[in-house]
Every structure is written in C-alpha cells, then in structure tokens.
Amino acid sequence: MTLREKVGQLNQRMYGWDAYRRRPDGEFELTEALHEETDRFEGLGALYGLLRADAWSGVDHSTGPDARTGPALAHLVQRHVLERSRLGVPALFVEEVPHGLMALDATVLPVNLAVGATWDPELYERAASHAAAELRARGGHLALVSALDIARDPRWGRTEECFGEDPHLAARLTEALVRGMQGDVEERGYFASDKAPVVLKHFAGQGATVGGRNSAESELGPRELHEIHLPAARAGVRAGAAAVMAAYNEVDGMPCAANGPLLNGLLRGNANGDRGWGFRGLVMADGLAVDRLARITGDKVSAGALALNSGIDLSLWDEGFTHLAEAVERGLVTESVVDAAVSRVLTLKFRLGLFERPYATPELPPSSAETGRALSTALARSSITLLHNKAGALPIDPARFTRLAVIGPHAATTAHGLGDYTAPQRPGTGTTVLAALNQLAPPGTEIRHAQGCSLTGGDLSGIPEAVATAAASDLAVLVLGGSSARTPDTEFDANGAARTLVPEMTCGEGVDLAGLRLGPAQHALLDAVTATGTPTVVVLIQGRPHAAPEAAERAAALLTAWYPGPWGGEAIAEILLGHTAPTGRLPISVPRSAAQLPVYYNHKDTEYGSYADEDAEPLYSFGHGLTYTTFEYGVPNIGRNGASCEVEVSNTGERAGRSVVQLYIRPLRTTVWPRTLELRAFRSVDLAPGERGTVTFPLGEERLAQVGPDLERMPLPGSVEIRVAESARGALDAVPVVLDIKG
Numbered sequence: 007m008t009l010r011e012k013v014g015q016l017n018q019r020m021y022g023w024d025a026y027r028r029r030p031d032g033e034f035e036l037t038e039a040l041h042e043e044t045d046r047f048e049g050l051g052a053l054y055g056l057l058r059a060d061a062w063s064g065v066d067h068s069t070g071p072d073a074r075t076g077p078a079l080a081h082l083v084q085r086h087v088l089e090r091s092r093l094g095v096p097a098l099f100v101e102e103v104p105h106g107l108m109a110l111d112a113t114v115l116p117v118n119l120a121v122g123a124t125w126d127p128e129l130y131e132r133a134a135s136h137a138a139a140e141l142r143a144r145g146g147h148l149a150l151v152s153a154l155d156i157a158r159d160p161r162w163g164r165t166e167e168c169f170g171e172d173p174h175l176a177a178r179l180t181e182a183l184v185r186g187m188q189g190d191v192e193e194r195g196y197f198a199s200d201k202a203p204v205v206l207k208h209f210a211g212q213g214a215t216v217g218g219r220n221s222a223e224s225e226l227g228p229r230e231l232h233e234i235h236l237p238a239a240r241a242g243v244r245a246g247a248a249a250v251m252a253a254y255n256e257v258d259g260m261p262c263a264a265n266g267p268l269l270n271g272l273l274r275g276n277a278n279g280d281r282g283w284g285f286r287g288l289v290m291a292d293g294l295a296v297d298r299l300a301r302i303t304g305d306k307v308s309a310g311a312l313a314l315n316s317g318i319d320l321s322l323w324d325e326g327f328t329h330l331a332e333a334v335e336r337g338l339v340t341e342s343v344v345d346a347a348v349s350r351v352l353t354l355k356f357r358l359g360l361f362e363r364p365y366a367t368p369e370l371p372p373s374s375a376e377t378g379r380a381l382s383t384a385l386a387r388s389s390i391t392l393l394h395n396k397a398g399a400l401p402i403d404p405a406r407f408t409r410l411a412v413i414g415p416h417a418a419t420t421a422h423g424l425g426d427y428t429a430p431q432r433p434g435t436g437t438t439v440l441a442a443l444n445q446l447a448p449p450g451t452e453i454r455h456a457q458g459c460s461l462t463g464g465d466l467s468g469i470p471e472a473v474a475t476a477a478a479s480d481l482a483v484l485v486l487g488g489s490s491a492r493t494p495d496t497e498f499d500a501n502g503a504a505r506t507l508v509p510e511m512t513c514g515e516g517v518d519l520a521g522l523r524l525g526p527a528q529h530a531l532l533d534a535v536t537a538t539g540t541p542t543v544v545v546l547i548q549g550r551p552h553a554a555p556e557a558a559e560r561a562a563a564l565l566t567a568w569y570p571g572p573w574g575g576e577a578i579a580e581i582l583l584g585h586t587a588p589t590g591r592l593p594i595s596v597p598r599s600a601a602q603l604p605v606y607y608n609h610k611d612t613e614y615g616s617y618a619d620e621d622a623e624p625l626y627s628f629g630h631g632l633t634y635t636t637f638e639y640g641v642p643n644i645g646r647n648g649a650s651c652e653v654e655v656s657n658t659g660e661r662a663g664r665s666v667v668q669l670y671i672r673p674l675r676t677t678v679w680p681r682t683l684e685l686r687a688f689r690s691v692d693l694a695p696g697e698r699g700t701v702t703f704p705l706g707e708e709r710l711a712q713v714g715p716d717l718e719r720m721p722l723p724g725s726v727e728i729r730v731a732e733s734a735r736g737a738l739d740a741v742p743v744v745l746d747i748k749g
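Each residue of the sequence shown is one higher than the one before, starting from 7 at the first, in the working numbering.
Careful, some of the hints might be misleading.
[Stated by the list, open to error] Listed next, the in silico SDA-like pairs over lysine to any residue satisfying Cα-Cα at most 25 Å (straight line):
hint: 1; residue 1: K355; residue 2: D305
hint: 2; residue 1: K355; residue 2: A198
hint: 3; residue 1: K748; residue 2: A618
hint: 4; residue 1: K610; residue 2: G227
hint: 5; residue 1: K355; residue 2: P368
hint: 6; residue 1: K355; residue 2: N315
hint: 7; residue 1: K355; residue 2: A143
hint: 8; residue 1: K610; residue 2: R219
hint: 9; residue 1: K355; residue 2: D200
[Said to hold, decoys possible] Simulated restraints on C-beta separations:
hint: 10; residue 1: P509; residue 2: T700; range: 50 to 58 Å
hint: 11; residue 1: G217; residue 2: E559; range: 25 to 33 Å
hint: 12; residue 1: P372; residue 2: G282; range: 44 to 52 Å
Hints in this document: simulated from the structure, not taken from any laboratory.
C-beta: ideal position from N, C-alpha, C; glycine also.
All chains, full assembly: derive it from the sequences and hints.
Okay, here's the thing in structure tokens:
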C-alpha cells in the first residue's frame with residue numbers, strides 16, 4: 007500500500023449521514039462529499055454513523071434508512087468504496103449501540119444504569135446478542151458501546167451510560183456485553199455473520215470527571231485508576247473485546263488519546279509482565295479528541311502524530327489524522343508506526359470477512375421484532391427497584407384500591423424514558439404507565455389521569471386538577487423524573503453533545519447538573535398530591551439518581567425505574583399490580599442532596615466524617631432493593647480449600663421472590679486493603695415461600711486488579727485472611743477480612 011492509502015485506512019473523518027441523500031422516490035443516492043472523501047485516500051478506512059438517526063444528525067423516518075432500506079444503502083456505499091480503492095479494501099461501518107442499535111426501527115433497550123440495576127449478566131448477554139444481530143442485518147460492522155465508565159458523581163449527564171458505581175458489577179456486565187455481541191470469535195478466529203466486534207468506551211477513568219462536568223479532567227492517582235476504573239476494561243479485554251475507545255479525559259494530566267503509558271504500556275504491554283494486558287485489538291479515538299491535542303502540540307499535524315505514537319489506530323472526525331503523511335515526512339512519526347496501526351485495522355476487516363463478503367447482510371428471523379421487545383421489557387422489568395414500601399402499599403390490592411389516580415409528567419408518555427443516543431420512534435411505539443395500567447388492572451378498577459406539571463419550569467396551573475384527581479382516588483401513582491430526549495431545537499457541539507438545552511432536557515451527554523433535585527414544579531406536585539392524604543406511590547423515571555428525600559418521607563412506596571425504554575410502562579404496571587415482583591437492586595447510591603457528594607459505598611476508611619448540617623450517608627446505598635417477600639441469610643461458610651463460599655438463603659415471606667445475594671469483603675484493618683467494603687461476587691436465587699436454598703460463590707483469582715495477587719485464605723466460617731501486595735511498596739501483607747452478605 008502507498009502511504010496515502012495507509013493513512014486513509016486510519017481515518018474516520020465523515021459523518022455517515024453526509025454520505026447519502028434520499029430521493030423523492032425513496033431511493034438513496036451518494037453525495038459529492040462521499041466522492042471527495044474516497045478520492046482523497048483512494049478508498050475509505052471507516053465510516054461513522056451511516057445508519058444513525060437522531061436530532062443531531064437530522065435523520066428521521068422521512069430521510070434515513072430503516073430496517074428494510076438500510077442494507078441497500080450499506081451495499082451502495084460499500085460498492086462505491088471498493089470501486090475507488092486500488093486494492094479493493096472495504097470500509098468499516100461503525101455504529102452507536104449504546105442501549106440497542108441507534109437506527110430507525112431498531113430495538114431500544116433500557117440504558118446501562120438500568121441494566122446495572124438488573125444485576126443479571128445472563129439476561130444482558132441475550133439482549134446484547136440481539137443488538138449485534140440487528141446491527142449486522144442492517145449492514146453495520148462495528149458497535150460503539152459504553153461500558154467502562156464508573157459513575158462516581160451523579161451530576162454528570164452521562165451517568166445513564168454507566169453500569170453503576172462498582173467496578174465488580176461493571177466488569178461482570180462488560181463481560182456479558184462482549185460475549186453477547188461478539189460470540190465465540192476467539193475460538194472461530196472470525197466473527198459470525200450475526201455477531202459484531204465491540205468498541206468498549208471510554209478508556210479510561212472518564213467517570214471520575216471533576217465536578218461532574220463532561221470532558222473535564224480526572225484527578226486520578228494510579229491506585230484509584232487501577233482499583234476502580236480499570237477492572238471493567240480488564241474484564242472486557244480478557245473476554246476478547248475487539249477494540250476500545252480512548253476517552254476525552256486526562257489521567258494524571260495527560261489526555262487519554264496522548265497517553266502512551268496507558269495505551270501502549272498498560273493496555274498493549276507484555277501480557278506476561280507485571281503491568282501489561284497484551285491487548286492486540288484496535289484503539290479508536292473519541293470524536294475530535296485527536297484535534298484537541300493541538301492545544302498541547304501547537305498544530306493538528308503534530309497532534310495526529312502524538313496520538314498515533316501514543317497508541318491510537320483510528321480517528322473519529324479529526325483533521326489531525328488526515329495529515330499523517332506530512333507527519334511522516336517531518337519525522338514526527340515513523341512509517342512503521344503507521345504500518346502497525348493499519349495492520350490492526352485490516353486485521354479487524356479480515357476477521358469480519360469483509361474482503362470475502364463485503365456486502366453480506368444476514369436476514370433476521372420474522373420474530374426478531376417481537377424478540378427485541380421481549381428482551382427490552384425483560385430488562386426493564388428486572389431493573390425496577392423498590393426502595394421502600396411502607397405498610398405494604400404494594401403490590402396494589404384490588405380489594406383496597408379500586409380507584410387509581412395516575413399523575414405526573416411521565417405518566418402518559420414514553421419519550422422521556424428512552425435515554426440519550428436514541429433514534430426517533432414511530433408514533434405508537436411503546437407503552438406508557440397509564441396505558442399499561444388501563445390494560446392490566448383488574449376489571450372494575452377506575453383509573454383517572456392528570457399530568458399535573460411539566461418536567462421543568464415553574465408552571466403550577468395543572469396541580470389543582472391533579473390534587474382533585476388524587477383526592478377522589480384510593481391510591482395515587484405519581485410518575486416523576488427527568489429526560490434525555492433531544493429535539494430538533496437542541497443545539498449540538500461538533501461531537502454530538504448537547505450545547506443549548508431544550509426545556510425538558512435534564513440528562514445525557516452535555517447535560518451536567520450542579521444540583522440533583524427534580525424541577526420545582528415536580529416538587530410542588532409531590533407536596534400537593536401527598537398532602538391530600540391519599541396513599542401515594544412514587545415512580546421515578548431517571549438517568550441519574552435524583553435527590554428526592556421528600557418522596558422517601560411522604561410516599562407510601564417509592565420505586566426507581568431508571569430509563570426503562572419504550573415498554574417500560576408495561577414493566578412498571580406489572581410490578582405495581584403484583585403480576586411480578588421487583589428484583590432490581592441499586593447499581594449506584596442515591597444521595598440526599600448534591601451537597602453531600604460523593605456518596606459511593608466503597609470509599610477508603612479514613613475516619614470518614616459526617617457533616618454538621620446534614621447526614622453524610624446516602625439516602626439509599628448501593629445494592630439496596632426490596633421485593634414483595636422477605637429473606638434470611640445464613641453465615642457465609644468458606645470451604646476447606648478456600649476456593650468457594652456457601653450462603654444459605656430462606657424465603658421467610660408469603661410470596662415467591664428473587665434474592666440477589668451480594669458477597670462483600672470487609673477488612674478488619676485497612677493499612678493495605680484499599681476500601682471499607684468491596685463487592686466480591688453476586689448470585690440470584692428464586693425461592694417459593696418457605697423454600698430454602700444455597701448460593702455458592704467461587705473465590706476466584708481476581709481480587710485487586712493490578713494491585714496484587716490473592717495468595718492465601720484461611721478456612722474460617724465468615725472470615726478469611728488474604729495476602730495482597732500493596733502497590734506502593736510491593737510487599738506482601740496479610741489482611742484479615744470478613745465476608746458480608748447483603749440481599
């Protein structure tokens with residue numbers, strides 16, 4: 007290949023929606039912009055967002071490709087690329103798959119924070135597999151999926167993209183994501199036609215952004231980085247992830263896209279060494295991150311060279327990588343470094359079979375849409391978390407409650423429960439809470455509705471109607487929360503982050519909050535409805551844990567459903583009516599206010615103090631969640647060989663239920679051990695009333711990622727002594743710990 011052709015393989019400059027236009031007859035034609043881009047490098051390395059549809063791209067059902075026309079568009083573009091390529095090198099089509107494929111008529115899943123609340127890797131693996139099949143059936147190849155960010159500050163608008171605040175939970179779900187989307191690629195050596203290579207984002211530490219502000223620096227030391235922010239990435243790499251995306255943030259003052267020790271050292275270093283992971287996959291830059299390095303280097307040519315030398319293989323929308331030939335001529339980067347990056351890009355294309363089958367788009371079974379809906383609903387159902395249930399207000403007893411008031415800005419809409427990075431939905435897609443209750447409630451139940459207020463703003467004119475509706479009912483269901491919905495009125499940055507907000511946007515990329523309270527009108531509505539004396543069940547639809555202690559104090563029951571996707575209303579109604587019991591557990595601690603942040607559970611034990619004016623503990627802690635029955639747990643029993651731990655669980659209530667048994671390590675001293683409490687493992691068990699079962703936890707090799715080995719265990723019931731290497735000294739110290747159980 008010529009240097010020009012090689013450089014072309016490392017560029018992903020175009021927005022995919024600029025590559026085509028839809029004619030009045032409904033067919034697609036290619037644009038001059040695509041012709042210019044392919045002529046520039048005699049081909050095309052990768053194209054981002056050919057199938058993407060949303061307010062930023064401006065693509066909707068009238069202008070973009072749907073399930074029927076998407077494969078034809080992909081075929082049209084790929085044929086053009088091959089015709090322009092002297093060596094016949096196909097392009098990679100890269101798509102967003104944050105919670106389902108971000109394309110018209112694709113399955114929308116609940117957001118990652120909701121997936122974290124399921125504590126169910128097996129269910130998520132099946133959903134990820136379905137998303138991969140939809141991507142490949144449309145003609146896409148490579149899936150960009152958020153997985154690695156750990157939510158340490160819920161003011162951050164991208165909290166919804168995190169699996170939660172705990173590295174172990176995130177690691178297990180990241181493994182499930184990779185297995186589901188990629189399949190047994192390591193065994194096969196290539197990707198099956200219904201599987202897709204994954205780009206795990208963002209590497210690394212983006213969840214530690216200062217002040218909860220998007221793209222801000224991260225003040226991370228090496229221990230915090232390794233213990234909290236790298237385990238999910240390490241798990242994903244071990245599971246065989248094809249690629250990772252370098253994050254925007256800095257680590258120890260160095261942007262990730264320019265961080266050679268992070269990318270070439272830790273990620274790609276010798277797997278048999280003390281630090282390196284031996285990763286052989288692709289590293290992609292986040293959007294425009296390479297050009298941002300010009301603030302360090304002085305110009306975009308040297309910025310591109312710095313990124314390439316630091317380990318970036320594939321750019322995203324940047325100009326810097328288009329000048330790599332000039333960088334070689336100026337001696338800023340050697341052609342051998344270019345060759346190494348190109349080989350990784352081409353290897354991925356070969357493993358996808360693009361050289362042999364450049365136009366392959368496998369057909370989905372006729373039942374695919376129904377399967378997608380079922381998986382989305384199952385995830386939503388499993389994520390709904392019952393935070394409190396005073397006096398057994400739930401499930402709704404038809405003998406006690408025959409008149410229901412369904413109130414609130416989320417009660418009769420699905421749009422606000424879809425999350426960021428969601429394609430436009432056809433009218434009628436999904437089920438609202440109001441519609442689902444009307445459909446599923448027992449005959450004779452009278453259901454009345456009043457919106458009450460909007461998500462934001464101070465218009466209180468609808469509250470009197472809501473109060474009257476609640477006062478005339480036996481039970482009020484008050485559905486409050488936030489929204490990441492984008493509209494054509496939203497102004498966007500060049501990377502797609504929201505810049506100027508529309509009125510009802512409270513979350514998502516670029517929407518960071520200084521405070522965590524719901525809008526003032528929602529609090530006024532909560533006050534007014536609960537003041538009627540009618541028992542009130544509050545349901546929160548949210549992409550971050552909002553601080554609403556008033557709901558905890560005044561509501562008869564409180565649930566969080568996160569952003570549950572289009573059919574979340576159906577899942578919520580099933581929980582409320584007792585058709586199924588809640589099984590969700592918090593993947594993130596719920597604060598009382600933004601003023602007490604941080605409130606994550608796994609902090610260091612350094613005589614953690616309180617405040618003079620407020621409790622320092624969260625309103626609800628990580629792992630909390632109730633169901634409609636009760637459980638008792640036995641003392642953890644460690645086997646004689648120290649390889650496993652058994653816990654006896656009994657259902658002591660009157661209903662069947664699922665216990666999510668959580669095994670934590672609690673140190674008896676913390677000189678060496680890093681955290682007050684650390685989640686070690688979790689298992690779910692379904693038990694009938696009076697039934698007893700045993701949950702077995704393997705005590706495996708992964709204890710402190712990249713800090714030290716787990717060498718010795720003592721077979722004592724409920725406690726264990728573990729030798730770990732303390733990172734600062736490298737010495738081996740014995741640390742006595744106790745195993746705690748939470749359910």
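Comparing the hints with the structure gives:
1. Proposed proximity of K355 and D305 is contradicted: the alpha carbons are some 31 Å apart, above 25 Å.
2. The suggested pairing of K355 with A198 holds, with an alpha-carbon distance near 13 Å, which does not exceed 25 Å.
3. A distance of roughly 30 Å separates the Cα atoms of K748 and A618; the hinted pair therefore is violated under the 25 Å criterion.
4. For the proposed pair K610 and G227, the alpha carbon gap of about 14 Å is at most 25 Å, so the pair holds.
5. With a C-alpha separation of about 17 Å, the suggested pairing of K355 with P368 holds against the 25 Å cut-off.
6. At most 25 Å may separate the alpha-carbon atoms for a hinted pair to count; K355 and N315 meet this at roughly 22 Å.
7. In summary, the hint linking K355 to A143 is supported, as the alpha carbons are separated by about 17 Å, within the 25 Å threshold.
8. The suggested pairing of K610 with R219 holds, with an alpha-carbon distance near 24 Å, which does not exceed 25 Å.
9. Of the supplied pair hints, the one linking K355 and D200 holds, its CA atoms being roughly 15 Å apart against a limit of 25 Å.
10. Checked against the hint of 50 to 58 Å, the C-beta distance between P509 and T700 comes to roughly 53 Å, which is consistent with it.
11. Roughly 29 Å separates the CB atoms of G217 and E559, a value that falls within the hinted 25 to 33 Å.
12. Roughly 47 Å separates the CB atoms of P372 and G282, a value that falls within the hinted 44 to 52 Å.
The structure does not agree with the numbered hints 1 and 3 stated previously, though it agrees with the rest.
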